[in-house]
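Trainee: Listed below, chain by chain, are the residues.
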Amino acid sequence: MSISMSFFSPPPPTHLLISFSSKPHFTDKTIFFLRPANPLLLSAPKVSTDNGAGISAAIEEPKAEQKVAEPAGSAPEGEESSLGSNGAVADAGVKLESKFVDPRWIGGTWDLTQFQKDGSTDWDAVIDAEVRRRKWLEGNPESSSNDDPVVFDTSIIPWWAWIKRFHLPEAERLNGRAAMIGFFMAYVVDSLTGVGLVDQMNNFFCKTLLFIAVAGVLLIRKNEDIETLKKLLDETTFYDKQWQATWQDETRSSSTAE
Amino acid sequence: MTSSIAFKSFTGLRHSSAEPPKLHSQLHNISPPNYCQRRLQINAGISSPKLQNRNLRVAVIGGGPAGGAAAETLAKGGIETYLIERKLDNCKPCGGAIPLCMVGEFDLPLDIIDRKVTKMKMISPSNIAVDIGQTLKPHEYIGMVRREVLDSYLRERAASNGANVINGLFLKMDIPKGGRGSETAPYVLHYTEYNGKVGGAGQKKTLEVDAVIGADGANSRVAKSIGAGDYDYAIAFQERIKIPDDKMVYYENLAEMYVGDDVSPDFYGWVFPKCDHVAVGTGTVTHKGDIKKFQLATRNRAKDKILGGKIIRVEAHPIPEHPRPRRLSDRVALVGDAAGYVTKCSGEGIYFAAKSGRMCAEAIVEGSGNGKRMVDESDLRKYLEKWDKTYWPTYKVLDVLQKVFYRSNPAREAFVEMCADEYVQKMTFDSYLYKKVVPGNPLDDLKLAFNTIGSLVRANALRKEMNKLSV
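Chains as they are written, first to last, in full-length UniProt numbering: chain A, 1 to 258; chain B, 1 to 471.
Incorrect hints may have been included.
[As the list claims (entries may be wrong)] As a list, the in silico BS3-like pairs of lysine-lysine whose alpha-carbon atoms are at most 30 Å apart:
#1 B:K389 / A:K99
#2 B:K293 / A:K99
#3 B:K468 / A:K117
#4 A:K241 / B:K224
#5 B:K403 / A:K231
#6 A:K99 / B:K435
#7 B:K137 / B:K464
#8 B:K389 / A:K222
#9 A:K231 / B:K389
#10 B:K382 / A:K241
#11 B:K464 / A:K99
#12 B:K310 / A:K230
#13 B:K396 / A:K241
#14 B:K403 / A:K241
#15 B:K436 / B:K426
#16 A:K241 / B:K435
#17 A:K241 / B:K288
#18 B:K464 / B:K76
#19 B:K389 / A:K241
#20 B:K435 / B:K119
#21 B:K426 / A:K99
#22 B:K396 / A:K230
#23 A:K164 / B:K447
#24 A:K99 / B:K303
#25 B:K436 / A:K241
#26 B:K447 / B:K76
#27 A:K117 / B:K464
#28 A:K241 / B:K386
#29 A:K230 / B:K464
#30 B:K372 / A:K231
#31 A:K99 / B:K310
#32 B:K288 / A:K231
#33 B:K464 / A:K164
#34 B:K382 / A:K99
#35 A:K230 / B:K468
#36 A:K164 / B:K468
#37 A:K231 / B:K468
#38 A:K207 / A:K241
#39 A:K231 / B:K396
Quick caveat, the hints were computed from the structure, so don't treat them as lab data.
With the hints as extra help, turn the sequences into a complete structure.
Mentor: Structure below.
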């Protein structure tokens with residue numbers, strides 16, 4: 001979308017110039033609207049490569065560092081493996097190490113006093129900070145050291161903060177889907193069979209359909225979920241089948257013995 | 001139709017003991033229903049002839065924990081036992097952890113145990129470290145042994161009970177063809193005997209036996225000769241590292257478990273203390289080609305604690321993930337790793353190998369009436385029944401744990417968080433040390449389920465946010 005917008009950015013100024021001459025009293029407002037729009041359009045491609053707005057600024061720097069660390073790290077690693085089994089484990093000096101640092105990460109946990117907003121803890125910021133830390137560690141696994149143990153426990157974040165941040169938007173989406181499906185299906189069934197909504201609720205078949213619709217909305221949230229559910233069913237019974245394989249043998253041999 | 005019968009008989013085993021005799025009378029047309037209470041004697045009497053002038057001959061191929069335990073039980077039961085082991089001083093690559101119940105059940109002397117691990121540290125992908133072991137009673141521990149010490153102790157005990165220990169390499173086995181008289185025809189084993197006199201290459205020999213127990217490990221040749229089928233296996237890669245003494249103090253009685261995608265996509269990395277060094281390793285089923293990368297990541301995660309160490313040995317071995325399709329064929333039974341009795345999630349195999357060897361030997365001793373009668377497949381099947389009935393819950397629970405908690409990084413974070421809970425620690429250690437799935441207090445179980453779901457939800461929610469960051 002950003003690319004197409006940048007294609008459109010040249011035409012509006014020329015259009016603007018034409019309208020300029022015809023309606024002077026409107027053009028002031030239009031210039032005002034379009035000019036801020038142009039810089040925004042031109043900068044839109046840049047913003048997308050920056051991966052979003054505020055949050056990314058902090059991780060931009062670590063990401064660049066990470067890219068530097070990796071090529072530098074892989075060369076000495078290749079050397080280390082060629083040294084073979086007689087090589088010593090200590091090679092910290094050669095590899096470029098970058099630990100996770102954050103002013104609010106103190107003593108292996110998040111210092112909640114630094115997350116204060118209007119007198120109470122800003123849990124959303126704590127969640128954001130922890131997300132950033134895990135993301136960082138996924139890319140740069142760190143050695144776990146005894147002098148500096150990590151003791152953060154996600155359960156210190158109260159349950160309502162989790163619900164507000166994660167559950168409510170999802171619940172809204174699912175309830176919206178259920179409402180749309182419900183209204184549409186009620187209308188379709190009514191138009192096809194003439195059975196009104198109250199009578200539909202009394203009918204067993206309609207109640208079954210309702211159950212299936214609700215289950216479908218809850219379980220299938222993305223297209224991939226259908227495959228995932230099928231695989232899950234296989235997975236739960238696969239181990240049992242492997243254990244029972246030897247018993248299938250027995251009945252075969254005993255039935256041939258008859 | 002056959003599969004549904006198999007289903008029924010198998011699920012019947014998991015119900016109360018009142019049911020199995022009834023179901024067995026359906027499958028065994030030999031034993032009439034009203035004799036089903038004393039079916040053992042009737043079966044042996046009707047279908048197995050008494051042996052004249054000799055005792056039953058059984059060969060145990062493989063002299064590890066499974067073979068040693070089986071040979072000892074057989075020899076004690078009065079059976080002519082042959083234990084064939086190719087390398088008597090074999091230093092097998094292995095985690096080396098044995099549960100407390102093994103010491104009691106197999107009367108192991110305490111000097112076999114190099115170290116008593118009483119604390120474990122679980123370290124999550126984001127380095128959240130949780131200590132477990134506070135709920136252990138003073139006499140409870142996980143024993144760390146050297147395989148060469150344990151294996152030779154069990155073999156020697158078998159020999160002192162009357163088993164013939166042969167230093168040889170099993171090559172192949174001649175299976176008696178079906179038809180009349182095949183119930184008593186012997187199995188002819190071909191092996192190469194190594195003894196000091198002949199020298200390196202060894203001497204080809206044959207041995208005639210009435211039954212065979214295959215205890216020859218993950219790449220079992222006995223399994224191949226009976227067409228037991230294949231299994232999925234994990235590769236465990238381990239480096240033994242000698243670390244400076246001051247760092248070794250930390251690992252005095254502590255083992256560590258590292259989880260994370262960097263360390264292994266479907267297993268865990270570990271640092272286990274051995275007699276005077278530590279074993280740092282990892283394993284995987286699905287990404288065997290990347291095992292070296294995972295090993296480097298494991299070493300990196302433990303870096304501060306093993307700094308200055310020297311690698312003294314590198315080893316790798318396969319770990320079966322599930323039992324072979326056929327664990328029994330006529331009078332040949334598989335036990336231990338050869339059968340695939342390694343648990344998921346923890347990858348524990350020593351105890352189960354020894355126990356299955358013993359159970360199979362007990363079934364043979366019983367079925368043959370202390371070596372006086374010939375055995376047949378149904379006698380050996382009893383060992384499978386007993387095994388499946390006793391240990392199926394353990395295997396299933398560990399399978400479920402692996403499926404739920406080793407799936408992804410969020411699941412592993414939740415796993416480590418859950419391990420901080422005292423109830424979880426108590427349940428885990430109780431079931432690990434005593435090999436019984438303990439039901440526990442239902443109210444606590446409910447709270448545990450609630451907390452598990454909570455942890456999983458939180459970790460997955462954080463993961464979704466992480467994905468948004470990278471877009």
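Trainee: Could you run down the list of hints and mark each one as holding or not?
Mentor: Now the hints, each set against the structure:
1. B:K389 / A:K99: Judged against 30 Å, a Cα distance of about 50 Å means the pair is violated.
2. B:K293 / A:K99: holds (20 Å)
3. B:K468 / A:K117: holds (24 Å)
4. A:K241 / B:K224: holds (21 Å)
5. B:K403 / A:K231: This hinted pair holds, its Cα atoms lying about 12 Å apart.
6. A:K99 / B:K435: violated (41 Å)
7. B:K137 / B:K464: violated (41 Å)
8. B:K389 / A:K222: violated (41 Å)
9. A:K231 / B:K389: Distance of about 28 Å is within 30 Å: holds.
10. B:K382 / A:K241: At roughly 19 Å apart (the allowed maximum being 30 Å), K241 (chain A) and K382 (chain B) satisfy the hint.
11. B:K464 / A:K99: holds (23 Å)
12. B:K310 / A:K230: Roughly 48 Å separates the two Cα atoms, so the pair is violated.
13. B:K396 / A:K241: holds (12 Å)
14. B:K403 / A:K241: holds (16 Å)
15. B:K436 / B:K426: Holds: K436 (chain B) and K426 (chain B) sit about 13 Å apart, inside 30 Å.
16. A:K241 / B:K435: The hint holds at about 23 Å.
17. A:K241 / B:K288: holds (25 Å)
18. B:K464 / B:K76: violated (60 Å)
19. B:K389 / A:K241: holds (15 Å)
20. B:K435 / B:K119: holds (19 Å)
21. B:K426 / A:K99: violated (35 Å)
22. B:K396 / A:K230: At roughly 20 Å apart (the allowed maximum being 30 Å), K230 (chain A) and K396 (chain B) satisfy the hint.
23. A:K164 / B:K447: holds (23 Å)
24. A:K99 / B:K303: holds (13 Å)
25. B:K436 / A:K241: Since the Cα atoms of K436 (chain B) and K241 (chain A) sit roughly 22 Å apart, the hinted pair holds (cutoff 30 Å).
26. B:K447 / B:K76: violated (48 Å)
27. A:K117 / B:K464: Holds: K117 (chain A) and K464 (chain B) sit about 25 Å apart, inside 30 Å.
28. A:K241 / B:K386: holds (18 Å)
29. A:K230 / B:K464: Within the cut-off at roughly 23 Å; holds.
30. B:K372 / A:K231: violated (51 Å)
31. A:K99 / B:K310: Judged against 30 Å, a Cα distance of about 25 Å means the pair holds.
32. B:K288 / A:K231: Cα-Cα ~23 Å, so holds.
33. B:K464 / A:K164: holds (15 Å)
34. B:K382 / A:K99: Given pair K382 (chain B), K99 (chain A) is violated - Cα atoms ~58 Å apart, limit 30 Å.
35. A:K230 / B:K468: Holds, because 27 Å separates the two Cα atoms, which is no more than 30 Å.
36. A:K164 / B:K468: Judged against 30 Å, a Cα distance of about 18 Å means the pair holds.
37. A:K231 / B:K468: holds (26 Å)
38. A:K207 / A:K241: violated (35 Å)
39. A:K231 / B:K396: holds (18 Å)
Comparing the model with each numbered hint stated earlier shows that hints 1, 6, 7, 8, 12, 18, 21, 26, 30, 34 and 38 do not hold.
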